[in-house]
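**Q** From first to last, the protein sequence lines stand for chains A and B.
Counting from 1, one number per residue, gives the positions in the first sequence under the UniProt record's numbering.
Counting from 1, one number per residue, gives the positions in the second sequence under the UniProt record's numbering.
Just so you know, these hints were derived from the structure itself, not from any lab.
Just to be clear, a hint being listed does not mean it is correct.
[Said to hold, decoys possible] A few chain B residues facing chain A, derived, Cβ under 8 Å:
#1 Pro51
#2 Gln54
#3 Gln57
#4 Gly62
#5 Asn71
#6 Gln72
#7 Thr123
#8 Pro130
#9 Val131
#10 Asp132
#11 Asp153
#12 Gln177
[To be verified] Dumping the calculated DSS-like pairs for lysine-lysine here, alpha-carbon to alpha-carbon at most 27 Å:
#13 B/Lys36 <-> A/Lys499
#14 A/Lys183 <-> A/Lys17
#15 B/Lys124 <-> A/Lys461
#16 A/Lys503 <-> B/Lys36
Just so you know, even glycine gets a beta-carbon here, dropped at the ideal spot from N, CA and C.
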Amino acid sequence: MSNAYDFPGGIYPPERKQRSNRSALTEAPLPSRVILTLQQHSGQAATPCVAPGDTVKVGSVIAKREGMISSDLHASISGMVSEVNATQISIEGDGQDEWLRLPPLAWQYVEPHALLERLNDSGIVGLGGAGFPTHIKARVVERHAINTLVINAAECEPYITVDDLTLRHHANEVLEGAQIIAKLCGAQHIIIGIEDNKPEAIEALKHALSNSQPISIELKVIATRYPSGGERQLIKRLLNLNVPSGGLPADVGVLCHNPGTLLAILHAVRDGQPLVSRVVTLTGEAISQPGNRWVRLGTSVRELLEQAGLNTPELHQVIQGGPMMGTPLLTLDAPVTKLTNCLIAATIEELPPPPAESPCIRCGECESVCPVALLPQQLHWYARAQDDAKLERYHLFDCIECGACSYVCPSHIPLVVDYREAKSRLRLQRIETAKAEHAKHRFEFRQARLAREEAEKQARKEARQAQQRRPSNTIAASSEKVDLRGLRIAHAAAKASVKKAEKTLARVAQEDPKQSLDDFEMQLATAQENLKAAELQLAQAREQQSSEESS
Amino acid sequence: MYSSIDVIGILSAIAVLTGLGVGFGALLGVVSERFKREDNPLVEQIDAILPQTQCGQCGYPGCRPYAEAINQGDALNKCPPGGEATIHALADLLGREPAPLDGEAQSVAKVAFIREEECIGCTKCIQACPVDAIIGAAKLMHTVIEDECTGCDLCLDPCPVDCIDMLPRSAPLNQWQPVVAHSSNVIASDRQSAQGEP
Numbered sequence: 001m002s003n004a005y006d007f008p009g010g011i012y013p014p015e016r017k018q019r020s021n022r023s024a025l026t027e028a029p030l031p032s033r034v035i036l037t038l039q040q041h042s043g044q045a046a047t048p049c050v051a052p053g054d055t056v057k058v059g060s061v062i063a064k065r066e067g068m069i070s071s072d073l074h075a076s077i078s079g080m081v082s083e084v085n086a087t088q089i090s091i092e093g094d095g096q097d098e099w100l101r102l103p104p105l106a107w108q109y110v111e112p113h114a115l116l117e118r119l120n121d122s123g124i125v126g127l128g129g130a131g132f133p134t135h136i137k138a139r140v141v142e143r144h145a146i147n148t149l150v151i152n153a154a155e156c157e158p159y160i161t162v163d164d165l166t167l168r169h170h171a172n173e174v175l176e177g178a179q180i181i182a183k184l185c186g187a188q189h190i191i192i193g194i195e196d197n198k199p200e201a202i203e204a205l206k207h208a209l210s211n212s213q214p215i216s217i218e219l220k221v222i223a224t225r226y227p228s229g230g231e232r233q234l235i236k237r238l239l240n241l242n243v244p245s246g247g248l249p250a251d252v253g254v255l256c257h258n259p260g261t262l263l264a265i266l267h268a269v270r271d272g273q274p275l276v277s278r279v280v281t282l283t284g285e286a287i288s289q290p291g292n293r294w295v296r297l298g299t300s301v302r303e304l305l306e307q308a309g310l311n312t313p314e315l316h317q318v319i320q321g322g323p324m325m326g327t328p329l330l331t332l333d334a335p336v337t338k339l340t341n342c343l344i345a346a347t348i349e350e351l352p353p354p355p356a357e358s359p360c361i362r363c364g365e366c367e368s369v370c371p372v373a374l375l376p377q378q379l380h381w382y383a384r385a386q387d388d389a390k391l392e393r394y395h396l397f398d399c400i401e402c403g404a405c406s407y408v409c410p411s412h413i414p415l416v417v418d419y420r421e422a423k424s425r426l427r428l429q430r431i432e433t434a435k436a437e438h439a440k441h442r443f444e445f446r447q448a449r450l451a452r453e454e455a456e457k458q459a460r461k462e463a464r465q466a467q468q469r470r471p472s473n474t475i476a477a478s479s480e481k482v483d484l485r486g487l488r489i490a491h492a493a494a495k496a497s498v499k500k501a502e503k504t505l506a507r508v509a510q511e512d513p514k515q516s517l518d519d520f521e522m523q524l525a526t527a528q529e530n531l532k533a534a535e536l537q538l539a540q541a542r543e544q545q546s547s548e549e550s551s
Numbered sequence: 001m002y003s004s005i006d007v008i009g010i011l012s013a014i015a016v017l018t019g020l021g022v023g024f025g026a027l028l029g030v031v032s033e034r035f036k037r038e039d040n041p042l043v044e045q046i047d048a049i050l051p052q053t054q055c056g057q058c059g060y061p062g063c064r065p066y067a068e069a070i071n072q073g074d075a076l077n078k079c080p081p082g083g084e085a086t087i088h089a090l091a092d093l094l095g096r097e098p099a100p101l102d103g104e105a106q107s108v109a110k111v112a113f114i115r116e117e118e119c120i121g122c123t124k125c126i127q128a129c130p131v132d133a134i135i136g137a138a139k140l141m142h143t144v145i146e147d148e149c150t151g152c153d154l155c156l157d158p159c160p161v162d163c164i165d166m167l168p169r170s171a172p173l174n175q176w177q178p179v180v181a182h183s184s185n186v187i188a189s190d191r192q193s194a195q196g197e198p
């Protein structure tokens, strides 16, 4: 621990990991039916590419990624698609477990783009909890130089032992997965951060370290404290680097990956096996055989818990995720997704409902435990008052929702619930603002188009009149004095605004190629329409003037 | 001698001050001409607060004309799509008193929906749409692009066969908002005294 630095705050909740880390990692029985939700990752939901009645094998693509940040989805059992709707796909199994694998790749020798394509085709997302698509994360090197790959095996949240068991059983493979990502991102260092409450996993890693090629891997054991597994907190602890507010670890040259994700990456590259199963911790006092299982995605939670000896009368609630950051499941018929790392079947004595909320007494406990050094009680007041400007100023969006503040609050205020609600309200507001801006651009474009059409019509009319006039050679009484100077100024201004719009478009496109450029393109089109209209008016005025002079 | 110095001093002081006045006057004139802004920044700010539905319910042809009118001193409460929130934001920006909304507030965001089997393809709604959100051609069925529609109602009146409905906007799952009911934040003694009152 001599190398460890420190992040502020943190708490020491009861770990309760012994219940699930005593038994070995086993395979859960093959489910007879799976339900695969289309949104198992951050970003946009996938689009189904199968219809009811189609037969699928394990690993068949059943939904394609949609848009930039999204991920493919694969069948996790072989059988027949029974239902496809807006949010999920159901598959009835045939019990055969026939696989459809991609060709294996030798990662040491293939080109990076082939590796990226494989990650994309395998539907791999971050299995630690956020579910960010791995192929997008790997492409971060296009814009940031990556120096260090951090393997985040801290697993600080109580109850969860997924990474612990994964490392005990598959340490070599996890490290090989890390070598793949290090090669892909050009990282020169690999560091494993692990809490000292997992001695068996540390032992397994020590054995595996010597075999790992070509980059040597450093193992850093840190003291157990919640939430040292947070990405920013772990980077601070291991490397003493501060990830900037609103930034990514890539901004300081670091990439973080979870051991489960690295294992899935190796399986995808070496074995051609897409992400169709994951390790899930089954724990809690209401089941008799706790432990970690390899579970096919889409397996029903009820089925899993019943196989683990669920004691239904004792069951109070099932929590998906850990007790600090997880969410209670409203129904046991929910399926396991790529993001389900832990299922806690808790009795009422184990995780009792929180006592009634009392008013904030400004004790300041929450401030002393906040790992991001925010002011939770100020945020609490502003969130309740919906004071959006103040929330932004107190960096609401830097909150990692770790729940340390709610845990220590003597008034039992569900602080994180407040923050989540405020965050989703602010996000919606941003979407609405962007939408209004978009509508404004479309309106302006339409106005410009109508003006141009009007100018064209006028020009045609004048041309017709001029043709009729010429033979008879009558002097047209110009109804109004032509304001040639004003039109020239308008024309120059329109030209300048086209140039400005072009420049803005080019600058934005260069700064962030991922961003949607629709609005900027539309602004450019609007400026061009305005220019055309001005040109027409100017030409027409000149015509008129010259005809007046000649007559 | 004594008086001549005095006169020179006074004259030079006048000359210097006049020179300064002329110099700075010229500078200000040049700067105001050189860095002249065509658009009014306050109008831009007002326009940014308005919801950009371009519905014309305020009596002006679009949001920007209304923003200009507000800048000229028109009332703040003529925007039903914006509702109370817009009125308060405008009142904050301009330092005026917020007034109750003139008209009926919309409870939910709506979009136009064309019953396509009834559409006769007259293109009248296409011409009415301020944001080009309706596609179609003469004698062919029209349809509304939901993402682009601002729910301004302007296509309803021109439709000769009344085949357009205003339906609530469908929100994708990632825009779902939690419904949280907070207990009122009064301290216990207040709560008891409030109950004690008749």
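**Q** Now, for every hint given, state plainly whether the structure supports it.
**A** Results for each hint:
no. : hint                  : result
1   : Pro51                 : holds, 6 Å
2   : Gln54                 : holds, 5 Å
3   : Gln57                 : violated, 15 Å
4   : Gly62                 : holds, 6 Å
5   : Asn71                 : violated, 17 Å
6   : Gln72                 : violated, 20 Å
7   : Thr123                : violated, 15 Å
8   : Pro130                : holds, 5 Å
9   : Val131                : holds, 4 Å
10  : Asp132                : holds, 5 Å
11  : Asp153                : violated, 14 Å
12  : Gln177                : holds, 6 Å
13  : B/Lys36 <-> A/Lys499  : holds, 19 Å
14  : A/Lys183 <-> A/Lys17  : violated, 34 Å
15  : B/Lys124 <-> A/Lys461 : holds, 25 Å
16  : A/Lys503 <-> B/Lys36  : holds, 21 Å
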